[in-house]
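The numbering of the sequence shown is our numbering, which starts it at 38 and goes up by one.
Hints were generated in silico from the structure; no laboratory data involved.
Ideal placement from N, C-alpha and C gives every residue a C-beta, glycine not left out.
A portion of the hints provided could be inaccurate.
What the hints assert, rightly or not - In silico lysine to aspartate or glutamate, DMTMM-like type, Cα no more than 20 angstroms apart, as pairs: (1) K250 / E209; (2) K160 / E203; (3) K268 / E203; (4) K160 / D143; (5) K126 / D187; (6) K110 / E74; (7) K98 / E82; (8) K98 / D143; (9) K150 / D172; (10) K191 / D206; (11) K250 / D187; (12) K160 / D187; (13) K255 / E237; (14) K268 / D206; (15) K191 / D143; (16) K252 / D187.
What the hints assert, rightly or not - Pair by pair, the computed Cβ-Cβ distance ranges are: (17) A213 / K160: 34 to 40 angstroms; (18) K250 / A321: 50 to 56 angstroms; (19) E237 / G121: 43 to 49 angstroms.
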Amino acid sequence: MLIDKFGRNINYLRIAVTDRCNLRCNYCMPENQQFVEREQLLTYEEIIRLVSLLSENGVNKVRVTGGEPFVRKDISSLLKSLGGIENVKQLSITTNGVLTFSHIADLMAAGIKNVNLSLDTLKRDKFQQLTHRDDFLKVLNSFHALLANDFNVKLNMVVMRSNVNEIVDFVELTKALPLSVRFIEEMPFNGQGHAYSGIEWNYTRIISHIETKYKLLKEQDPANAIAVHYKPEGHMGSIAVIPAFSRTLCGSCNRLRITATGGLRTCLYGNEVLNVRDLMRNGASDTTLIEEIQNAVYNKPMDGFTAAASAKIKVPESMSLIGG
Numbered sequence: 038m039l040i041d042k043f044g045r046n047i048n049y050l051r052i053a054v055t056d057r058c059n060l061r062c063n064y065c066m067p068e069n070q071q072f073v074e075r076e077q078l079l080t081y082e083e084i085i086r087l088v089s090l091l092s093e094n095g096v097n098k099v100r101v102t103g104g105e106p107f108v109r110k111d112i113s114s115l116l117k118s119l120g121g122i123e124n125v126k127q128l129s130i131t132t133n134g135v136l137t138f139s140h141i142a143d144l145m146a147a148g149i150k151n152v153n154l155s156l157d158t159l160k161r162d163k164f165q166q167l168t169h170r171d172d173f174l175k176v177l178n179s180f181h182a183l184l185a186n187d188f189n190v191k192l193n194m195v196v197m198r199s200n201v202n203e204i205v206d207f208v209e210l211t212k213a214l215p216l217s218v219r220f221i222e223e224m225p226f227n228g229q230g231h232a233y234s235g236i237e238w239n240y241t242r243i244i245s246h247i248e249t250k251y252k253l254l255k256e257q258d259p260a261n262a263i264a265v266h267y268k269p270e271g272h273m274g275s276i277a278v279i280p281a282f283s284r285t286l287c288g289s290c291n292r293l294r295i296t297a298t299g300g301l302r303t304c305l306y307g308n309e310v311l312n313v314r315d316l317m318r319n320g321a322s323d324t325t326l327i328e329e330i331q332n333a334v335y336n337k338p339m340d341g342f343t344a345a346a347s348a349k350i351k352v353p354e355s356m357s358l359i360g361g
């Protein structure tokens, strides 16, 4: 088991398969983002070895992230292999939806039922302004295809000054559709020292704004929740608000992150504490590898504020490398 010094059982892995993305969302990366060389990325064999090893030590939930996972060549073969790891009880993926439509069958073959789809606007012109790409219709096709094929869809909207006037429009989607819309506080991970103006809409302001239009019924938050969950009265779907910057739910964190280049992070707001790629490429045995990971997990900070205070590297990185 992976247990930290606060007694938290770490059973959830988020692993990035690439730092590349086919969009350039303002809050994530600049247009001229410098991507790592291919040989610096974890290979599929290394990813499978890591996930298999961690699954033997208590990790039973795995989320594949990027960058955008579907820009990596032959990603379907990796997903199928990860889906076949016996101790992984829940395999999920986060995607921007641009390429997802053509991979619906691959997701089903891998046993993936839970898909987080990132979408910050329901307007094509604003989508192009936010992402610097005209791919809105592709994302919309993916969205409807996922619902039509009975995937559990969570629609992730990062709340910014430019899209707050659409919060109600996103809530309205849940009226007749069986999905969860998740409103996320904006974070400073926009890449290579890009300026961050600070949060304007925190989770309490988001909830208060929604309550001016809807009666919200508080739902039971699951164990280790990163969000507060609500059901708009009379709606088929639900909503959640994630205090990603306020960090009010850090205390029950059960997550571990591995970046596209093998950096192990025990907290999103902290630095890399170990590089598992380098360990593997230097010939580390499974025993050595899991011992190093266990030691790193044991020293997981209590919360994001503690992690940020002790971080040696203060320049915000792109979320695409960390693993969104």
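Comparing the hints with the structure gives:
1. A threshold of 20 angstroms between alpha carbons decides the hint, and for K250 with E209 the separation of about 10 angstroms falls inside it, so the pair holds.
2. With a C-alpha separation of about 9 angstroms, the suggested pair K160 and E203 falls inside the 20 angstroms cut-off, and the hint holds.
3. Distance check on the hinted pair: K268 and E203 sit about 18 angstroms apart at the alpha-carbon level, within 20 angstroms; holds.
4. A C-alpha spacing of about 29 angstroms is found between K160 and D143, which places the hinted pair above 20 angstroms, so the restraint is violated.
5. As the CA atoms of K126 and D187 are separated by approximately 18 angstroms, the hinted pair is consistent with the 20 angstroms bound.
6. A C-alpha spacing of about 14 angstroms is found between K110 and E74, which places the hinted pair at or below 20 angstroms, so the restraint holds.
7. Note on K98 and E82: the hinted pairing holds, with a Cα-Cα distance of about 19 angstroms set against a maximum of 20 angstroms.
8. At roughly 19 angstroms between alpha-carbon atoms, K98 and D143 fall within 20 angstroms of each other, so this suggested pair holds.
9. This hinted pair does not check out: K150 and D172 have alpha carbons roughly 24 angstroms apart, beyond 20 angstroms.
10. The suggested pairing of K191 with D206 holds, with an alpha-carbon distance near 15 angstroms, which does not exceed 20 angstroms.
11. Only pairs whose Cα atoms come within 20 angstroms are accepted, and K250 paired with D187 is rejected, the gap being roughly 29 angstroms.
12. A distance of roughly 25 angstroms separates the Cα atoms of K160 and D187; the hinted pair therefore is violated under the 20 angstroms criterion.
13. Distance hint between K255 and E237 is unfulfilled; the C-alpha atoms sit about 24 angstroms from each other, more than 20 angstroms.
14. For the suggested pair K268 and D206, the alpha carbons sit about 15 angstroms apart, so the restraint of at most 20 angstroms is met.
15. For the hint linking K191 to D143, the alpha-carbon distance of about 19 angstroms falls within 20 angstroms, and the restraint holds.
16. A threshold of 20 angstroms between alpha carbons decides the hint, and for K252 with D187 the separation of about 27 angstroms lies outside it, so the pair is violated.
17. Between A213 and K160 the Cβ separation comes to about 20 angstroms, which falls outside the hinted range of 34 to 40 angstroms.
18. A hinted range of 50 to 56 angstroms holds for the C-beta pair K250 and A321, which are about 54 angstroms apart.
19. Here the CB-CB span from E237 to G121 is close to 44 angstroms, well matched to the stated 43 to 49 angstroms.
Hint compliance for this structure: hints 4, 9, 11, 12, 13, 16 and 17 are not met, and every other hint is.
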